[in-house]
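This is what each chain is made of:
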Amino acid sequence: MDYLSKLENQSIYIMREAFNKFENLAMLWSIGKDSTVLLWLARKAFFGHVPFPLVHVDTTYKIPSMIEYRDRLAKEWKLQLVVGKNEEQLRGGVTFPNGKATRVECCGTLKKDGLKQVLEKHHYTGVIVGVRRDEEPTRAKERYFSPRDKNMEWNVEDQPPELWDQFKTDFDKGTHIRIHPLLHWTELNIWEYIERENIPIIPLYFANEKGERYRSLGCYPCTFPIRSKASNVAEIIAELRTTNVPERSGRAQDKESEDAFEKLRRDGYM
Amino acid sequence: MRSDATPVISQRLPMHNTSAPTEQLKIVIVGHVDHGKSTFVGRLFHDTGSLPEGKLEQLQKIAERRGVPFEWANLMDALQSERDQNITIDTAQIWFRTPKRQYVIIDAPGHKEFLKNMITGAANAEAALLLIDANEGVQENSRRHGYLLNLLGIRQIAVLVNKMDLEGYSEEKFNAIEGEYRAWLKSIGVTPKVFIPIAAKHGDNIASRSAQMPWYSGATVLETLDQFNVTDLPLHQPLRFPIQDVYRFDERRILAGRVEAGRIRVGDRLVFSPTNKTSTVKTIERWNSPATDSASAGESIGVTLTEQIFVERGAVAALETDPPHELNRFKARLFWLGRQPLRTGRPYKLKLATQEAECFVESIDKVIDASTLGTVERPAAERVVGRHEVGELVLRTKRPIAFDAHSDIVVTGRFVVVDGLEVSGGGIVVDDNYPRRSGVGAAKSQNIFWSEAKITPQQRADRNGHRGRVLWLTGLSGSGKSTLATELERELFTQGKHAYVLDGDNVRHGLCKDLGFSPADRAENIRRVGEVARLMAEAGIICITAFVSPYRADRDLVRGLMKPGEFMEIFVDAPLEVCEQRDPKGLYAKARANEIPDFTGVSAPYETPLNPEVVLKTAELNVQESISKILELLHMQDDDAPIFI
Chain A
631 MDYLSKLENQ SIYIMREAFN KFENLAMLWS IGKDSTVLLW LARKAFFGHV
681 PFPLVHVDTT YKIPSMIEYR DRLAKEWKLQ LVVGKNEEQL RGGVTFPNGK
731 ATRVECCGTL KKDGLKQVLE KHHYTGVIVG VRRDEEPTRA KERYFSPRDK
781 NMEWNVEDQP PELWDQFKTD FDKGTHIRIH PLLHWTELNI WEYIERENIP
831 IIPLYFANEK GERYRSLGCY PCTFPIRSKA SNVAEIIAEL RTTNVPERSG
881 RAQDKESEDA FEKLRRDGYM
Chain B
-4 MRSDATPVIS QRLPMHNTSA PTEQLKIVIV GHVDHGKSTF VGRLFHDTGS
46 LPEGKLEQLQ KIAERRGVPF EWANLMDALQ SERDQNITID TAQIWFRTPK
96 RQYVIIDAPG HKEFLKNMIT GAANAEAALL LIDANEGVQE NSRRHGYLLN
146 LLGIRQIAVL VNKMDLEGYS EEKFNAIEGE YRAWLKSIGV TPKVFIPIAA
196 KHGDNIASRS AQMPWYSGAT VLETLDQFNV TDLPLHQPLR FPIQDVYRFD
246 ERRILAGRVE AGRIRVGDRL VFSPTNKTST VKTIERWNSP ATDSASAGES
296 IGVTLTEQIF VERGAVAALE TDPPHELNRF KARLFWLGRQ PLRTGRPYKL
346 KLATQEAECF VESIDKVIDA STLGTVERPA AERVVGRHEV GELVLRTKRP
396 IAFDAHSDIV VTGRFVVVDG LEVSGGGIVV DDNYPRRSGV GAAKSQNIFW
446 SEAKITPQQR ADRNGHRGRV LWLTGLSGSG KSTLATELER ELFTQGKHAY
496 VLDGDNVRHG LCKDLGFSPA DRAENIRRVG EVARLMAEAG IICITAFVSP
546 YRADRDLVRG LMKPGEFMEI FVDAPLEVCE QRDPKGLYAK ARANEIPDFT
596 GVSAPYETPL NPEVVLKTAE LNVQESISKI LELLHMQDDD APIFI
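Protein chains in written order, with the working numbering: chain A, 631 to 900; chain B, -4 to 640.
The set of hints was computed from the structure by calculation and includes no laboratory data. Some hints here could point you the wrong way.
[To be verified] Example chain A residues on the side facing chain B (calculated, C-beta under 10 Å, incomplete):
no., residue
1, Trp707
2, Gln710
3, Val713
[What the hints assert, rightly or not] Derived list of chain B stretches under chain A, where covered just means 3 residues or more per stretch with a C-beta under 8 Å from a C-beta of chain A:
no., stretch
4, 188 to 194
5, 291 to 300
6, 371 to 382
7, 404 to 415
8, 488 to 496
9, 530 to 541
[Unchecked claim] Mimicking SDA-like on lysine to any residue, the simulated pairs with C-alpha atoms at most 20 Å apart in a straight line are:
no., chain 1, residue 1, chain 2, residue 2
10, A, Lys742, A, Leu709
11, B, Lys95, A, Val713
12, A, Lys708, B, Lys95
Glycine residues also receive a C-beta, built at the ideal position from the N, C-alpha and C atoms.
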């Protein structure tokens, strides 16, 4: 079996475990390449169906074509879409683009708190998230089934043991479990799989006529394109096989301080 | 000795090429704390040109700002708390490529405290690099990790003797460590692929041969990695297809799961353990993949059947010719990570493939300190498997489960144990001449669980983890029967047993409300209680009765209803003066004032038991001591058929 198939089979196994173990399960869909691959794998796992809602935490600062793409795919693939917004914070206008918050504070309220609100509202106890270990160092320490306490906090110093595909599926009331079926994939694996499966991906990842493309998608005030001539999936794969530049180099919020991202994640960020 | 704060940047190897690697290998880095695991990984990445752009400069800048020396380890030790303490707390994974393949490097912590994280990392690996500090030599966790790697099934191991620079690159030192550790590994049946002398900090023998150790002519670490093999999927073993779930999203009823061993084909006649039902594979289901009529080990697929039978998660599908064992008792070797020690008699949850079952430890035969291989000696009554210890034991599940010996089929031969909400241990099924069913016809004659007729007491006992019994407490009013009965019920219940108390309160108001206290009515009362208690015991319950039951003949009548050993007469023996002094319900006072006629001990006789199974002198024993005596008897009673199984 080739390694892409191994990755795929493992992710399907994890998603089926999650679906069996959690009554109230949802999947986060950021519209990016990873969670779109995750969505594809869900259709593989459940034979063409997606038997749980997809949650999109909308900061209202997303690149506009992301929302168009989201709504189009939701319709074509018959997805149950749940959009979460931190309305209160947005009304108050305490955001980074307004100059009233740092990037990290803005991520904390619009994304992390926005997520918390939507989880509480719908009582989700299991949340499937498309993070990968190779994205950044704290994610490298994640479990496939990762508990979060009542305040959504991640106790990274005391994580459950995880062996032989036996996952933590017993948990206290009020807590929830993050399920990470893509943890063992790399950025390159994701693109190789997109190529193999011919998965429709939002065109923001492909180089435009100015020779720029997005490598990682987020909010437009904090996400910057990279210089690239890769205008299709095959060219992106060729580019990634030779680059040494980290994937999230275009994500400004990671770089505000040494442990900025770790703090965000401990508090419940994806 | 070099003590540079800034790294010596060696020449980068041209690791990146544009051809696609076709395979991936997972390697775990283990060893004692501070023997240089994270440093090694950092250096390996640097020397193979795998560090992300700007990473080295970022780590240098951070070290400078914090006023601490640069550490290669900070590449992996991503958590602030890890960098603050200069230790690895949790396992992390990082990728790099050689022209041959892609590698997943799993860095594991070396502190004993974080053993569960080491195991989490190692359980996923196909090969291991074990680091030993040349100066400190073989330490506690060098040995423990070696032992655990073997238990986790990792057979490809290379030993890196690190920090050779601190030992003057001495060949003698290296040979001494190799000799000692090789002997240890041999004692647990492990043959390492190679021992390599390295200095991780300076890159010696990692990606390129060391100029400092011309006496070493073996492979570098990088060469050794490429010599490891990717683990083969068990394609040629008997089919094991554990059912993960059953889906009915559309007109199809799909059994979903991953083929864990062997191959499944359309037309295969499947037997599902442990329900012993059979059906035939109609289709193999996948989405967005070419339709095929077979699937093999490693594939997450779905199956539809020609005959619709009831199958649910946990069932293991196999070919009729080679099914798994199907029993509720097996031998295991287990490592324990729980904060509370593993004990006999306590209920745990067993997870094996997709099966879950309540389980008990029937006996702990041996407890091993994995860092010395020595047996941990504890008095028999305190025999437990403590945190980080390894136990050889017998597990009993409440219902039969399907399994294989780990030496036969890995995935159905290993399991985890959940204590409360936490995964607290992992183990493998040890081979032990388990009866093997062969084919469905044979199963019916040999089968010890699936009776087609009446459920037997043995089957009930297997399900409950104990036999049904009557514990008959007799004694004067005020002797302590009700107190003991209630406490005993609570204790048994806590241990996961089914226990129930019959006493005047729940009998006199209903079943026996037509009866008074004349000798004839008393006899009838006890007869009825005795019959109810017998039924409860037959139903598998430990029935505790708390009645004065003063007449020997009445008690013997109840005893006569049951098989030998099922009735236990417990004489709650307190002197009349003590009972009268306690007089919890004021009955003695009333009896002395002639307000209650025929009151046992005052105006009616109490016939002392002649041969009770237990005598509890409650004037001398406290409640806990009395309860212990009863529990002791329950555990000891009848070696062939102990009440707690």
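Exercise. For the pair supplied as a hint, A/Lys742 and A/Leu709, is the alpha-carbon distance within the 20 Å limit?
Worked result: With a Cα-Cα distance of about 23 Å, the restraint between A/Lys742 and A/Leu709 is violated, given a limit of 20 Å.
For this session: Using Cβ atoms only, decide whether A/Gln710 comes closer than 10 Å to chain B, and label the hint accordingly.
Result: violated (14 Å)
Problem set entry | Outcome, coverage of the stretch 291 to 300 of chain B by chain A - at least 3 residues whose beta-carbon is closer than 8 Å to one in that chain | holds (count 4)
Exercise. Mind checking, does the stretch 530 to 541 of chain B have 3 or more residues with a CB under 8 Å from chain A?
Worked result: violated (count 0)
For this session: Mind checking the CB of A/Trp707 against every CB in chain B and telling me if the closest is under 10 Å?
Result: violated (12 Å)
Exercise. Are the Cα atoms of B/Lys95 and A/Val713 separated by 20 Å or less?
Worked result: violated (45 Å)
For this session: Take the stretch 188 to 194 of chain B, compare each residue's beta carbon with every beta carbon of chain A, and decide whether three or more fall closer than 8 Å.
Result: violated (count 0)
Exercise. Within a Cα-Cα threshold of 20 Å, do A/Lys708 and B/Lys95 meet the stated pairing?
Worked result: violated (42 Å)
Exercise. Does A/Val713 meet its interface restraint, that is, does its C-beta lie within less than 10 Å of any C-beta in chain B?
Worked result: violated (24 Å)
Exercise. Within the assertion that chain A covers the stretch 371 to 382 of chain B, do at least three residues meet a Cβ-to-Cβ distance smaller than 8 Å?
Worked result: violated (count 0)
Problem set entry | Coverage assertion for the stretch 404 to 415 of chain B with respect to chain A, Cβ distance below 8 Å, three residues required | That given contact holds, which follows from 6 residues of the stretch 404 to 415 of chain B lying within Cβ reach (below 8 Å) of chain A.
Exercise. Mind checking, does the stretch 488 to 496 of chain B have 3 or more residues with a CB under 8 Å from chain A?
Worked result: violated (count 0)
When held up to the earlier numbered hints, the structure conflicts with 1, 2, 3, 4, 6, 8, 9, 10, 11 and 12 and fits the remainder.
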